[in-house]
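Colleague: In order, the protein sequences belong to chains Z and D.
Per the numbering used here, the first sequence starts with residue 1, numbered consecutively.
Per the numbering used here, the second sequence starts with residue 1, numbered consecutively.
No lab work stands behind these hints, which were simulated from the structure alone.
Bear in mind that the values here come from a model prediction, so they are computed numbers and not experimental data.
Glycine included, C-beta positions come from ideal geometry on N, C-alpha and C.
Hints should not be assumed to be uniformly reliable.
As the list claims (entries may be wrong) - Partial list, derived from the structure: chain Z residues whose beta carbon lies under 8 Å from chain D: (1) L93; (2) S137; (3) R140; (4) D182.
Claimed, not checked - Just a sample of chain Z residues kept apart from chain D, beta carbon distances all over 12 Å, derived: (5) D58; (6) P117; (7) D119; (8) L163; (9) V207.
Spelled out, the chains give:
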Amino acid sequence: MATADAQIIQPISVLIVEDDAPTRQRIVGALSDNPDFDVQQAASFSEACACLAQGCPDVLLTDIQLPDGSGMDLIRRMRQKSDKTEIMVISILGDETSVISAILLGANGYILKDAFPADIADTVRDLLKGHSPISASIARFIVRRTQARDSGAPRSDLNTAKLTAREIDILWGIAKGFSYADIADHLGISRQTVPGYIKNIYRKLEVNTRGEAVYEALQQGLIRL
Amino acid sequence: MALAAGFVLLQLAVIALCIEIRQIPLPRPPNSNRIEQMWREEKSGDWQPVTLPDHRPTAGLTPTVTTYRGAFEWSPGEGETPWAVFVPRFTTTIEIAINGSTIEDTVRDPSNRRPDRNTPVLAPIAESLLTPGTNEVTVRLKVWGPLEGYLDSLYIGPDASMRPAYDLRRTLFGTLPLILAAWQVTFATLLGIIWLNRRHETIYGYLALATVLGVVQHFAGLPHSAVVAGMLGATGPLEAALMLHYVLLLTGRRIRRWHALAFAPGLIILSSAFLMSPDQLRAIFLLFGPPSMGVLIACVWVVLLAAVWQARRHAIYLATIFTAVLSCWMLDILTLNNMMDGERIFIGRPSYSLVLIALGIWLIWRFVQALKEADGFAAALVQKVAEAEDKLRANFAREEERARSEALLAERTRLMRDLHDGLGGQLVSIVALSEQPQPSGQAIGEAARSALKDLRLVIDAMEEMDGDLMLALASWRERIDTQLRAHRMQLNWSIRGPSGLPIFQSLKSWHVIQLIRLMDEVITNAVKHSGGRQVTVTIESVEDGLGRPTGRITIEDDGHGYEAPAVDGPIRSGTGRGLLNIRRRAALCDIRLVTETGTTGTRIALTLPAEFPSQAGDGNTGKI
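The whole structure should be built from the sequences, with the hints applied where relevant.
Modeller: Below, the structure is given as structure tokens:
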């Protein structure tokens, strides 16, 4: 019982990497209000690296463009160090290029910079419960790449071959604005399992060889999204 | 004038050359073997001495036979080698007998021993026929046809001493004409093939036919029937007529109908061969044959001279060739009339064969040149086509570039319109709000959020939806969900049916933007003015008045309606402006708008058109 209590009391360590101070303060504020979170912050790539050297946080929230480096590089390093850390990118528009690039390197989702504080805290909690957030446009993007692969016409380097028909159906449902409940009903699955499916989709998209080559290719735009 | 003088000099030189060639003596066996003194039988049993060569008058069609008798010495020890009789020249045929036994009769080989061929005879003598001492040789000269009889000297001696002279003559007058004839066959075939494939170029046909007739003349033997003789006789005039046509065409003249008259003499002789008696045929041949050939050849000559006069180089070449042939024929005539010294050798026929071949070479050369020209023309054409293609490609690239920049400009204009409409206005509003004496952080924040929302809308609308409005509504749902949550309101999102809205083929991005902004206004009204806690969006497929599939989007709130008194002050004007904008946007996209408002809430039903209007118009550019 004591062990269980200790686990519950143990706060969730979060590292926020964002160079714009007001935005950073806003996100830090959204999480610091809650005693569940132990928030650390970094304003640059080097600061973030220094924090990571001390230990792996439970959650890493990082901007993509940092003054002295790339958030993508940070995600890659984080993933090389630990599989347990949940990683999210902080995106302005939630656009496919940045979100999917991050997912390829091992991120589990994204938050929008202008999200309401309550939503930010909810998203991080959901993520820890195993729910990865996905937007309609990201779902649409992944499904379109699947179709492109099937028709063979415009080739994409996004590896969607491993996705099952059910996962693609779920993505279509999300892309068309159906709720998780509707999707579950249509497909005859439990409503609670839908978020798990999405996390699984992210895992499948992740590039397993976490070598320099993939990172370089993404950086140089060699991998077409 | 210089050309004419040069031409005449050239012709004279050619004539002189022909005479010189004709004068070259042909080899003969040693004189010791020659028998010149013989006896000719004038009447039966009446023998008169005669010195060879001897001429005998022709008796026309009925063959006459003249017998000559001579003697020679032979001893058995003398001949390790066999002996032979050699006669270099004779007309028409001879039969040679030694001591009364015939050893050779040239009438048995009519194809090889034609009188115009200069063919010699070498007859080996079987040793059993010879007796030691004096032996007798008898020669029976048979004469018929137009030519007079002729017997050159006899040579009797060892075969080996005769052989070189015989072999050389055999090569010159037997093998060489055969080679030329074979050559003519080849040319006739080539020219014939060219003519058959290019019927309009009759010049090849004329020369091919003339060459064929020449070949026929060569291979036809001594005629034994009047019909064959007539046919053979007709070939000469016909050949001359063909040659005239050929030369007419070659010198660039056109063939007229009356030119066909040139064939008349040949055809008359040919028909006489079938219709008339041999005597009549002979008379007709003498009347039409040689004279018409003379006239036709003279015509050829005139045509060529006229061409020379017009300074056509190839005419000089042809005229020179013809001069050579004519010289040879003139020499033959002189020979025929015993007006030439030397042997009775005819050179007209082989020279004509050479001419035919020369003409064939000339014509095929011309054909090859024409082919080369055609090749050059084709190559030039290919180059021109390639150049034109390059130009076209460049034009196309330029055109494409222009189209691309136009599309880019159009896209930029559209984007500017879209941004101006929403984002621009909101940013200006933020500036204005921040410049107020006491700026309200909340107002600025709201305006900034609207601006971000609009930016996302514009970006979303730029993606190709392929008529699937559901894709745009899904993103919109995410945005208003966040917006409503911030105002502690709840969104109920309901899609009826398995797929929601049908696919709209005519849906364009500006329709999407108008529709989304319209719905944004509705939501804003609900958030700001309804006082409700819930917004329900229902999406369903319906049919329009014409039975076409379309969709309906219903947005309702549980507020107090527009008409109810405001809870916190007069804000009616904002609602009114919002409603006006909603109506305008709906009208732009042909969306049927039904508004129901009451104290229990407001319900706005948007029935989409089955066909969205294609005209973007200026209506959607204005600030609405």
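Colleague: Failing hints, ascending?
Modeller: Per hint list: 6, 7 violated.
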